[in-house]
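Participant: Modelling step: build the complete structure from the supplied sequences, incorporating the hints.
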Amino acid sequence: MDLAAALRNASAFAELDAGEIDALARAMTIESHGDGHVFIREGDARRSVSDAVFVLLSGVVRVTRSGDPRKALQRELAPGELFGLIALVDRGARTATCTAVGPVETASLNRAAFDHLLHSNAELACKFQLVVARQLARDFDRLQRVLREAIARR
Amino acid sequence: MGAVVLDRLAAHMDATQREVLRTAMAALEVDAGHVLFRDGQPLDALHVVDTGALGLSIDVDGRDVALGRITPGGFTGELSLLDPTTAHATATALEPTRILKLSREALTKLRATDTVVASLLLRALVEDLAERVRHANTIAVDDAAAPKRGWFESALAKLFGGGA
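Top to bottom, those sequences are chains P and E. So for the first sequence, our numbering puts the first residue at 1; every next one is plus one. So for the second sequence, our numbering puts the first residue at 1001; every next one is plus one.
Hints in this document: simulated from the structure, not taken from any laboratory. A quick note: this is a predicted structure, and the numbers were derived from the prediction, not measured. A hint or two may mislead.
Label pairs and their calculated CB-CB ranges [to be verified]:
1) P:74 - E:1131: 15 to 25 Å
2) P:71 - E:1061: 19 to 29 Å
3) P:30 - E:1034: 49 to 59 Å
4) E:1016 - P:122: 47 to 57 Å
5) E:1063 - P:46: 16 to 26 Å
6) P:151 - E:1083: 15 to 25 Å
7) E:1131 - P:26: 49 to 59 Å
8) E:1032 - P:4: 47 to 57 Å
9) P:67 - E:1027: 20 to 30 Å
10) P:76 - E:1086: 18 to 28 Å
Partial list, computed: chain E residues near chain P (C-beta under 8 Å) [what the hints assert, rightly or not]:
11) 1060
12) 1064
13) 1088
14) 1122
15) 1139
Here are a few chain P residues that sit away from chain E, every Cβ distance over 12 Å (derived from the structure) [said to hold, decoys possible]:
16) 8
17) 29
18) 33
19) 105
20) 150
Ideal Cβ placement from N, Cα and C applies to all residues, glycine included.
Facilitator: And the structure:
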């Protein structure tokens, strides 16, 4: 798969121009994995070069959490979504387990590249921050709606 | 403006950059009881409490259930700043309250006129959201596993309120 073409097709990156997409693609590594591959394990607190954020390019990734018997928090990511953001932002432990359901293609961005994109003051940093903020805001919104339902059940 | 009020959003900004952000925001003064937005209605701005307090509540089978109280420095409507969305609670002024609103349109303008300030704002928002998503995950998980009413409510207040 042509990574730049895949990123161009991902709605998350719609505001990036061709040059910015190419810069992002150069910083990312494309990966193919089979069913059951674990990208991220909840509770993992490793700090290593393999510590990365992922963009789902094709296939399905399931996000699960321990201590969630009703699976209220379980969900399946759609292509174009980013996952693994929280631990990269706050340097804490991983908050969920992310597993391939069937064959999956992802692009990964390691911590150094992520920090570089997020913390430089260029136009690209601003657009990348917008992408990250939007994904986190959507995740937060979804969780608030789950919590609302929990309140309504009480 | 109260310098402290934008501390969370302007965490990475100097005084001049804070002023640029403040200029992009619209101030709104309301009386106690004024409803700023209603549950389910379209929302298009981040609301920061400058002075006073906002209460967030939802209707559960005709009962008004309080979710939290936003005190100066706290804010709500993060997603509406980035995506067209609807409110998931009703926001009511609990006392005479001054709100600073940053609309989605104002952020778009800010990105064009001052990329650095927009970038520093988004960076602070990303850090804040990461913390709150992490916190929200623990509440929801604990709710499903071991519902404890008092703990649940106080955790919720922290999440939805998020005062300074």
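Participant: Could you check the structure against the hints above and give me the numbers of any it violates, in ascending order?
Facilitator: 4, 5, 7, 9, 12, 20
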